[in-house]
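Asks: Fit chains B, C and D to the given chain A structure using the hints.
Protein chains: 4
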Amino acid sequence: MAEPDDHSLERLQQRLTRFAAARDWQPFHTPKNLAAALSVEAGELLEIFQWLTPEEAADVMSDPDSAHRVRDEAADVLAYLLQFCSAVGVDPLAALAAKIDRNELRFPVPKGPGTPQAAD
Amino acid sequence: MAEPDDHSLERLQQRLTRFAAARDWQPFHTPKNLAAALSVEAGELLEIFQWLTPEEAADVMSDPDSAHRVRDEAADVLAYLLQFCSAVGVDPLAALAAKIDRNELRFPVPKGPGTPQAAD
Amino acid sequence: MAEPDDHSLERLQQRLTRFAAARDWQPFHTPKNLAAALSVEAGELLEIFQWLTPEEAADVMSDPDSAHRVRDEAADVLAYLLQFCSAVGVDPLAALAAKIDRNELRFPVPKGPGTPQAAD
Amino acid sequence: MAEPDDHSLERLQQRLTRFAAARDWQPFHTPKNLAAALSVEAGELLEIFQWLTPEEAADVMSDPDSAHRVRDEAADVLAYLLQFCSAVGVDPLAALAAKIDRNELRFPVPKGPGTPQAAD
Chain A
36 MAEPDDHSLE
46 RLQQRLTRFA
56 AARDWQPFHT
66 PKNLAAALSV
76 EAGELLEIFQ
86 WLTPEEAADV
96 MSDPDSAHRV
106 RDEAADVLAY
116 LLQFCSAVGV
126 DPLAALAAKI
136 DRNELRFPVP
146 KGPGTPQAAD
Chain B
36 MAEPDDHSLE
46 RLQQRLTRFA
56 AARDWQPFHT
66 PKNLAAALSV
76 EAGELLEIFQ
86 WLTPEEAADV
96 MSDPDSAHRV
106 RDEAADVLAY
116 LLQFCSAVGV
126 DPLAALAAKI
136 DRNELRFPVP
146 KGPGTPQAAD
Chain C
36 MAEPDDHSLE
46 RLQQRLTRFA
56 AARDWQPFHT
66 PKNLAAALSV
76 EAGELLEIFQ
86 WLTPEEAADV
96 MSDPDSAHRV
106 RDEAADVLAY
116 LLQFCSAVGV
126 DPLAALAAKI
136 DRNELRFPVP
146 KGPGTPQAAD
Chain D
36 MAEPDDHSLE
46 RLQQRLTRFA
56 AARDWQPFHT
66 PKNLAAALSV
76 EAGELLEIFQ
86 WLTPEEAADV
96 MSDPDSAHRV
106 RDEAADVLAY
116 LLQFCSAVGV
126 DPLAALAAKI
136 DRNELRFPVP
146 KGPGTPQAAD
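Protein chains in written order, with our numbering: chain A, 36 to 155; chain B, 36 to 155; chain C, 36 to 155; chain D, 36 to 155.
Heads up, a few of these hints could be off.
As the list claims (entries may be wrong) - As a list, the in silico SDA-like pairs of lysine to any residue whose alpha-carbon atoms are at most 25 Å apart:
id, chain 1, residue 1, chain 2, residue 2
1, B, K146, A, W60
2, B, K146, A, K146
3, C, K146, D, T52
4, D, K146, C, A55
5, D, K146, C, D59
6, A, K146, B, P62
7, C, K146, C, D136
8, D, K146, C, A57
9, A, K146, B, F63
10, C, K146, B, W86
11, A, K146, B, Q61
12, A, K146, A, D136
13, D, K146, C, F63
14, D, K146, C, Q49
15, D, K146, A, W86
16, A, K146, A, A132
17, A, K146, B, T52
18, D, K146, C, R58
Said to hold, decoys possible - Over 12 Å on every C-beta distance to chain D, these chain B residues come out as not near it, computed from the model:
id, residue
19, L44
20, R46
21, F54
22, A56
23, H64
24, E79
25, L87
26, T88
27, M96
28, S101
29, A102
30, D126
31, R137
32, F142
33, P145
34, K146
Treat the hints as calculated values from the structure; they're not laboratory data.
We put the beta carbon where it would ideally sit given N, CA and C, even for glycine.
Looking at chain A on its own, in the form it has when it is part of the complex (with noise of 0.2 Å):
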């Protein structure tokens, strides 16, 4: 079913309209709303950490029924965060590219003697 380029964001990204429209669930899809099922959904994420230690949750993938839901609930993320994306007209990767631009200025990489880095 899956072709080459179905991974594609884009792709994905259109694929996600395409099952809001065909279930006439745009008029729920507001920017408000998915602003705030994308919250609802990164809290789920986050309760499967909640209680573990730093070292169980660094282990959480071992378990294939943790793995699972780990991957179920990120998909939901970024199912929500590219129907807001697409909702109020932001490019994703264009704005994550601008981000990281800033972010390269904002937090120089510490240089030392014998130590040079390249910032990207």
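Replies: Chains B, C and D alone, transformed into the frame defined by chain A:
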């Protein structure tokens, strides 16, 4: 500075990894901490909308300051989601594609006579 | 079972402490974990409202199931807030009183001729 | 300015109601908006802890600035929870008491020989 494929998800994920490594931030970037940070950033995106009417929220991008803030917070959410996915070894695009596949089975498109609709 | 002052905040905070102690849950109830759990529960409360119009949201308590869910999630938020405050040694009521005092200075009441308004 | 019972939950809830009314903020204080604001504030509380180790988080109140920030954000969470409860007509203390009652049935205390434990 930007090359054509600078905006691919994989390339941005690599930039984020190198950005954190160059600043020795990796010890902080545990799965649990990144899930918390993702949730915090999703809250900051929601904060923009919390007192807006649905109409004001739909018009949020017409104000340059609000538009910048929306792009900035959406970028932060994506940044932490990608860093989280790197930390736990999840491919976010594959996870989303699998989730959409499951949702197409879980929420079949209502079909009536004369309104044939493809699921995707 | 309930006595008159069973519903005081202090009494409920004590019940929560004893509840956790009796189940050996205290090692999990660190300030960081409780702050995460509080955020997760606030997300679950928001989830009830995420797709509702403002009108539907205003009417949420007229449906018994929704009303129960709202009370249940509000209770969870309060439970984790009180447990968090116990863990860090903060008096939530004193903290709120101090915050309202500060906000009354920060947001003075607009006064016009003929519309005398007391700040509190 | 503060009287003995100024710190009761009911009194603080009244102060919050009058504070919002005096500033004509009530139209913004819908159940949905308040649930969103509560979630946003819970995120701001979590933000204090997001990069801390469990040890650093346990010591957060020893730094005066961090301690102030914790009290301030905890107060904000309580403020929005109380305003939310006012908006939907929920008694937060009664809701919590009922929830603890349910949880005592749902999570019975493990009892072993020689370790009799009362549920509360």
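Asks: Taking the hints in turn, state whether each one holds.
Replies: Status of each hint after checking the structure:
1. B/K146 with A/W60: Holds: B/K146 and A/W60 sit about 15 Å apart, inside 25 Å.
2. B/K146 with A/K146: violated (63 Å)
3. C/K146 with D/T52: Roughly 18 Å between the alpha carbons, so the hint for C/K146 and D/T52 holds.
4. D/K146 with C/A55: holds (15 Å)
5. D/K146 with C/D59: Judged against 25 Å, a Cα distance of about 12 Å means the pair holds.
6. A/K146 with B/P62: At roughly 19 Å apart (the allowed maximum being 25 Å), B/P62 and A/K146 satisfy the hint.
7. C/K146 with C/D136: Roughly 18 Å between the alpha carbons, so the hint for C/K146 and C/D136 holds.
8. D/K146 with C/A57: holds (10 Å)
9. A/K146 with B/F63: holds (20 Å)
10. C/K146 with B/W86: Holds, because 23 Å separates the two Cα atoms, which is no more than 25 Å.
11. A/K146 with B/Q61: Judged against 25 Å, a Cα distance of about 17 Å means the pair holds.
12. A/K146 with A/D136: Holds. A/K146 to A/D136 sits at ~18 Å (cutoff 25 Å).
13. D/K146 with C/F63: The hint holds at about 20 Å.
14. D/K146 with C/Q49: holds (21 Å)
15. D/K146 with A/W86: OK: D/K146 and A/W86 at ~23 Å, within 25 Å.
16. A/K146 with A/A132: Roughly 23 Å separates the two Cα atoms, so the pair holds.
17. A/K146 with B/T52: With a Cα-Cα distance of about 18 Å, the restraint between A/K146 and B/T52 holds, given a limit of 25 Å.
18. D/K146 with C/R58: holds (10 Å)
19. L44: holds (24 Å)
20. R46: holds (26 Å)
21. F54: Fine: 15 Å to the nearest Cβ keeps B/F54 off the interface.
22. A56: Holds, because the least Cβ-Cβ distance between B/A56 and chain D comes to about 16 Å, which exceeds 12 Å.
23. H64: violated (9 Å)
24. E79: Given a closest Cβ separation of 7 Å, the condition is violated.
25. L87: violated (9 Å)
26. T88: The assertion about B/T88 is violated, with a minimum of 9 Å to chain D.
27. M96: The claim holds: B/M96 sits with its nearest Cβ about 19 Å from chain D, beyond 12 Å.
28. S101: holds (16 Å)
29. A102: holds (20 Å)
30. D126: holds (24 Å)
31. R137: holds (27 Å)
32. F142: holds (24 Å)
33. P145: B/P145 clear of chain D: closest Cβ-Cβ about 27 Å, beyond 12 Å.
34. K146: holds (33 Å)
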